[in-house]
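Enquirer: Protein sequences, first through last, are from chains A and B.
This note's numbering applies: residue 1 is where the first sequence begins, and numbers increase by one.
This note's numbering applies: residue 1 is where the second sequence begins, and numbers increase by one.
One or more hints might be untrue.
Ranges of calculated distance between the beta carbons of each label pair, as one might list FRET restraints [what the hints assert, rightly or not]:
id, chain 1, residue 1, chain 2, residue 2, range
1, A, A2, B, R61, 24 to 30 Å
2, A, A2, B, K3, 23 to 29 Å
3, A, S86, B, S29, 33 to 39 Å
4, B, Q72, A, N77, 23 to 29 Å
5, A, F60, B, A83, 44 to 50 Å
6, A, F69, B, H76, 38 to 44 Å
7, B, A10, A, K13, 29 to 35 Å
8, A, S86, B, V45, 22 to 28 Å
9, A, T80, B, T18, 25 to 31 Å
10, B, A79, A, F69, 41 to 47 Å
11, A, T53, B, K17, 43 to 49 Å
So these bits of chain B aren't anywhere near chain A, every CB distance computed over 12 Å [unchecked claim]:
id, residue
12, Q34
13, Q72
14, T78
15, A79
16, A83
17, L101
Calculated from the structure, these hints are not laboratory results.
Cβ coordinates follow ideal geometry from the N, Cα and C atoms, glycine included.
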Amino acid sequence: KAGVTQTPRYLIKTRGQQVTLSCSPISGHRSVSWYQQTPGQGLQFLFEYFSETQRNKGNFPGRFSGRQFSNSRSEMNVSTLELGDSALYLCASSLESLRSGNTIYFGEGSWLTVV
Amino acid sequence: SQKIEQNSEALNIQEGKTATLTCNYTNYSPAYLQWYRQDPGRGPVFLLLIRENEKEKRKERLKVTFDTTLKQSLFHITASQPADSATYLCALRFSGGYNKLIFGAGTRLAVHP
Chain A
1 KAGVTQTPRY LIKTRGQQVT LSCSPISGHR SVSWYQQTPG QGLQFLFEYF SETQRNKGNF
61 PGRFSGRQFS NSRSEMNVST LELGDSALYL CASSLESLRS GNTIYFGEGS WLTVV
Chain B
1 SQKIEQNSEA LNIQEGKTAT LTCNYTNYSP AYLQWYRQDP GRGPVFLLLI RENEKEKRKE
61 RLKVTFDTTL KQSLFHITAS QPADSATYLC ALRFSGGYNK LIFGAGTRLA VHP
């Protein structure tokens, strides 16, 4: 079955603009998480959505936001872009089960460059 | 303060040898520890998950150990191949933390023919 799909794969934005990234989880997966990866900070958790509700959030400013739709697809938005927002943004999905410890699968990411 | 540390330097080994990667953490009490492989420009690929009450997990040429007393996990690749060259990431998960992962910086492994 298809993996986690992220679009767009690459994009370039100008400082001050906003950007929306999209993620389609693996079929049947209801949990979607977002991560930012930079050379300096590594992989950092942004937020997680489950059943259209944000249930966990990392330490990022309010310019970073997200949402999840009823079909589990998710979007994240970054407003007022700064040069430091240039990063690989990764989406991950997981099959929620009563037994925790379920595997988390990542997409290939969206490369954002802010100029 | 809370930290996750992986071998900071790249690990270079000869094909056929066993690669051993280390993940140490402080001031965390994870319920699970996961290992991922990441190739340049690609997303992390899940390899193994080990629970706090498990000492060892194996999958083909891969083996993970988890010592909650030492706060350390070791990741072994036996009979290594050049195709195993990649960055390996350890990640912690916590009870009640849902699907939030805390990642180490990763160790770059290079397997030479």
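Enquirer: Compare the structure with each hint and give your call.
Expert: Taking the hints in turn, this is what the structure says about them:
no., hint, result
1, A2/A - R61/B: 24 to 30 Å, "holds (27 Å)"
2, A2/A - K3/B: 23 to 29 Å, "violated (37 Å)"
3, S86/A - S29/B: 33 to 39 Å, "holds (34 Å)"
4, Q72/B - N77/A: 23 to 29 Å, "violated (39 Å)"
5, F60/A - A83/B: 44 to 50 Å, "violated (35 Å)"
6, F69/A - H76/B: 38 to 44 Å, "holds (41 Å)"
7, A10/B - K13/A: 29 to 35 Å, "holds (32 Å)"
8, S86/A - V45/B: 22 to 28 Å, "holds (24 Å)"
9, T80/A - T18/B: 25 to 31 Å, "violated (49 Å)"
10, A79/B - F69/A: 41 to 47 Å, "holds (45 Å)"
11, T53/A - K17/B: 43 to 49 Å, "holds (48 Å)"
12, Q34, "violated (7 Å)"
13, Q72, "holds (19 Å)"
14, T78, "holds (22 Å)"
15, A79, "holds (25 Å)"
16, A83, "holds (19 Å)"
17, L101, "violated (6 Å)"
Of the hints listed earlier, those the structure fails to meet are numbers 2, 4, 5, 9, 12, 17, in rising order.
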